[in-house]
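K.L.:
Now for the letters of each chain:
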Amino acid sequence: MKILVCISHVPDTTSKIQFTADGAALDAQGIQFVINPHDEFGLTKALQMKEAGLATQVTALIVGDASVEPTLRKALAIGADDAVRIDARPESGNQVAQWIAEYVQANPYELVLCGIESIDYNGGTVPGLLAHRMGAAFANACIGLELSGTNATVLREIDGGKEKLTASLPLVVAGKKGLVEESELRIPNMRGIMAARTKPLAVVAPSAVAAQVVSKRFEKPVGRTSVRLIDKDNLGELVRLLHEEAKVI
Amino acid sequence: MAARQDLYQHPDYYLMDEMLSDEHKLIREATREWVKRDVSPIIEEYAQRAEFPKQLVKGLAEVGAFGPYIPTEYGGAGLDQISYGLMMMEIERGDSGVRSTCSVQSSLVMYPIYAYGSEEQRRKYLPKLASGEMLGSFGLTEPNFGSNPGGMVTNIKDMGDHYLLNGAKMWISNAPFCDIAVVWAKNEAGRIHGVIVERGMEGFTTPETHNKWSLRASATGELVFDNVKVPKENLLPNKSGLGAPLGCLDSARYGIAWGALGAAMDCYDTALRYSKERVQFDRPIGGFQLQQKKLAEMITEITKAQLLTLRLGQLKNEGRATTGQISMAKRNNVNMALEIAREARQMLGGMGITGDYPIMRHMMNLESVVTYEGTHDIHLLITGMDVTGLSAFK
Ligand SMILES: Cc1cc2nc3c(=O)[nH]c(=O)nc-3n(C[C@H](O)[C@H](O)[C@H](O)COP(=O)(O)OP(=O)(O)OC[C@H]3O[C@@H](n4cnc5c(N)ncnc54)[C@H](O)[C@@H]3O)c2cc1C
Ligand SMILES: Cc1cc2nc3c(=O)[nH]c(=O)nc-3n(C[C@H](O)[C@H](O)[C@H](O)COP(=O)(O)OP(=O)(O)OC[C@H]3O[C@@H](n4cnc5c(N)ncnc54)[C@H](O)[C@@H]3O)c2cc1C
Chain A
1 MKILVCISHV PDTTSKIQFT ADGAALDAQG IQFVINPHDE FGLTKALQMK
51 EAGLATQVTA LIVGDASVEP TLRKALAIGA DDAVRIDARP ESGNQVAQWI
101 AEYVQANPYE LVLCGIESID YNGGTVPGLL AHRMGAAFAN ACIGLELSGT
151 NATVLREIDG GKEKLTASLP LVVAGKKGLV EESELRIPNM RGIMAARTKP
201 LAVVAPSAVA AQVVSKRFEK PVGRTSVRLI DKDNLGELVR LLHEEAKVI
Chain B
250 MAARQDLYQH PDYYLMDEML SDEHKLIREA TREWVKRDVS PIIEEYAQRA
300 EFPKQLVKGL AEVGAFGPYI PTEYGGAGLD QISYGLMMME IERGDSGVRS
350 TCSVQSSLVM YPIYAYGSEE QRRKYLPKLA SGEMLGSFGL TEPNFGSNPG
400 GMVTNIKDMG DHYLLNGAKM WISNAPFCDI AVVWAKNEAG RIHGVIVERG
450 MEGFTTPETH NKWSLRASAT GELVFDNVKV PKENLLPNKS GLGAPLGCLD
500 SARYGIAWGA LGAAMDCYDT ALRYSKERVQ FDRPIGGFQL QQKKLAEMIT
550 EITKAQLLTL RLGQLKNEGR ATTGQISMAK RNNVNMALEI AREARQMLGG
600 MGITGDYPIM RHMMNLESVV TYEGTHDIHL LITGMDVTGL SAFK
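Chains A and B supply the protein sequences, listed in that same order.
Counting with the working numbering, you get residues 1 to 249 for the letters of the first sequence.
Counting with the working numbering, you get residues 250 to 643 for the letters of the second sequence.
Worth flagging that the hints you see were computed from the coordinates, not collected in a lab.
The structure displayed is predicted, hence computed values, not measured ones.
We put the beta carbon where it would ideally sit given N, CA and C, even for glycine.
Keep in mind that a hint or two might mislead.
[To be verified] Quick list of simulated restraints, FRET-style, between CB atoms:
1) B:P425 with A:R228: 57 to 65 Å
2) B:E526 with A:E219: 22 to 30 Å
3) B:P425 with A:L229: 23 to 31 Å
4) B:E616 with A:G223: 53 to 61 Å
5) B:L491 with A:T198: 37 to 45 Å
6) B:S270 with A:F19: 56 to 64 Å
7) B:L539 with A:R240: 49 to 57 Å
8) A:L54 with B:S380: 27 to 35 Å
9) B:K307 with A:A52: 16 to 24 Å
10) B:V528 with A:T13: 25 to 33 Å
11) A:F19 with B:T624: 19 to 27 Å
12) A:K164 with B:G598: 33 to 41 Å
Make a model of the complete structure from these sequences and hints.
P.N.:
Now the structure itself:
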C-alpha cells in the first residue's frame, strides 16, 4: 500500500507576517517556511505505518514553485521515500485539489493524508475537493487512524466529543494533532539529511486549471492601542472622553 | 524552575543565509529544533546543579553531532566542515558545555582516531563513538603544562608486549564518565604519541573537578595513570610529535569559533527582545540611545564574525584553512561573544543575573571557552608568529 502525504509549505508560526505595500500578497522576505504543522502529524503517521509494515512507500507532495523544495527535502530527510512537486504557484484550493487528483489518477495511492487546513491561508478546502475528484472516501478532522487490509478505522474530532467511523480505501484524510502526538514528531538527523540527497524528487508540470476564487487584499488586525486609566472618583472625565474623543456616547 | 519558551531567531543583518546551501540551512534548522526541544527546557536546571545532562548523549548522537564530518563507513554523517560548524553554532547557542562534549567527542577523540589511527582502531571505536555508545575524552593539559603542552611529563615506556603509562592530566572535559581517553604522552626518546586508554584498565582513574563557576553542565576531571598497561595496538600509529595533538586542536578550535558565534547571537537575540518589551521612564528601554549603542555594536560585531567564520568554513572545506586563520577566528569570536554576553547581561538589569534568561550562563561558560583550546593570549602569539615569522612563546 502506498501513502501520499500532501504538504502545504507555510510560514513558521513565529514569523512576523507583513504584506506587500498594496496588501495583495505576503511579503516573504526573511520568512522561514516550514511543513504545515497539521501535515507534519500526517507525515509522521505515514512513516509509522510504513515502519509497522502497513505501507510500502511514503511520498511527500507539494504544489508549489522551486522555492518549496527545501521543505520537500526536509520531508525526505525525516523519512519519506520520494517527493513530488507539481510545478505551479497555486492561488486557490480548487487548483491544488485538481492537480493532486490528476497526479493520483496517473500514480495511484490508496491513502492520501492531508492536513485539516493550511495555517497560512486557512482554506480548509483542498482535502474535501481532492477526495471528491478522486472518487475516494473522505474523513475530516481526523485524530486517529488505523488500517487493516483495505479498511480504515478513523477517529474524528466532533463538537464536544469524538466519532469513530470505518471506511474502505482509497481514502483521503484531513488530519491534525492526535494522528500522532507532538512528542512523536521527528527532527531530521544528519544521516537522514545525507540520505535525502539521493532520494527522488520528481517535478511534474501542471495542467491548465483556473483559480475559482481570487484573493484581492490582505489586512492585518489593528494593533492594540494604549490604555488610559481614569480615577474612579473622576467619572465626569470618563464621560467627557467617551463623548468628545471616542465619540461613542 | 520553569524554563522560558525559547524564542530564538538568529540575526542575519547581511543576508548571509543566501550564501548557505539549502542543505546547510536544513542542518542548521534541524539542530536548532533539537536544541529548542531537548536542551533549552532543561539546561538551566542542570547548570545550576552543576550536572551534565547525560540523557542528551543519545539525542546528540541521533541528530548526528558526534563526528558529523567523519565518513559514513565509520558511523559519521560524512558532512562538510560548514555543516559541522553550523551544528556547533546551534548547540553552543543552547549551551557551551553541551557543545564542549560534542567538540571533544568529534574533534579530539574521533578525529585523531580517524586521522592518526589504524584501520582496526577506526573500526573498533568510531562507530561506537558516533552512536554515543562510547564517550571519549582528550588528555593533553597537565597540572604543570597548560599553555605549554610540549613540556608534558606523562610518559609511556615500551615493555615489549605493552606500554606502561604514568602521569596525570588535568582539566579534562568528559573525564569523569568517559569510556575511552585519547592521551598524549612522551616515549623514552621524548617524542609525543597518542594512546587510547580504556576505562577499566588497571591503574586508570578519573576524579571529578568540582566547584566550577563555568561550564557547569559539562563534567571536567583528571585522568590519572598509575602504571597503566596499555596494549601496543592502542598506540595511534600514523602521527606523532606535538603536531599530532595540535592537529586535533585545529579541528576543535574551528568548531569553537562557530560555537561562540552561537552564544553571542543568543545573548543578542535575548537582549534585543527584552529591550523592546521592558518599559522604564514610560518607554521601552530599546528606545534609549545608550541601549541602542550596545545593540548596534553587538550586531556589528556579530555580522563581522559571521562573515569571518563562513569564509573560514569555505577554506576548511577546501583544505586550505591554516592554523593561524583558525586561531584568529577562535580568539576573535570567543572574545566577541564574551563582551556581548557582558553587555547583554547589563541590558537585562536584575533579570540578567537570573537563570530565567540564558545570558549569565553563557557569560560564565565563555570564561572557560576563552581559556581552553589556547588562551586568548596564546592565540595572539600564534597570529604574531604567523605574521612576523618570529616566535614569542619563550
Ligand atoms: C493570493 C494567493 C497567493 C498565493 N500564492 C502562493 C504562492 O506564491 N506559493 C504557494 O506555495 N502558495 C501560494 N498560495 C497558497 C495556495 O494557494 C494554497 O496552497 C491553496 O490556496 C490551498 O490553501 P488552503 O489554505 O485552501 O489549503 P487548505 O485546504 O487549508 O489545506 C489543507 C491541506 O491541503 C493540503 N494542501 C494545501 N495546499 C497544498 C499545496 N500547495 N500542496 C500540497 N498540498 C496542499 C495540505 O495537506 C493541507 O494541510 C497563495 C494563495 C493565495 C490566496
Ligand atoms: C572547563 C575546561 C575544560 C578543559 N578541557 C580540556 C580537555 O578536555 N583536554 C585538555 O587537554 N585540556 C582541557 N582544558 C585545559 C585548557 O586547555 C588549559 O586550561 C589551557 O590550555 C590553559 O592552560 P592553564 O590553565 O594551565 O593556564 P596557563 O598555561 O598556566 O596560563 C595562565 C595564564 O598565562 C598566560 N600565558 C601562558 N603562557 C604565556 C606566554 N608565553 N606569554 C604570555 N602569556 C602566557 C595564559 O594566556 C594565561 O592567561 C580545559 C580547561 C577548562 C577550564
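K.L.:
Of all the hints numbered above, which does this structure not satisfy? Sort the numbers upward.
P.N.:
3, 4, 6, 7, 11 and 12
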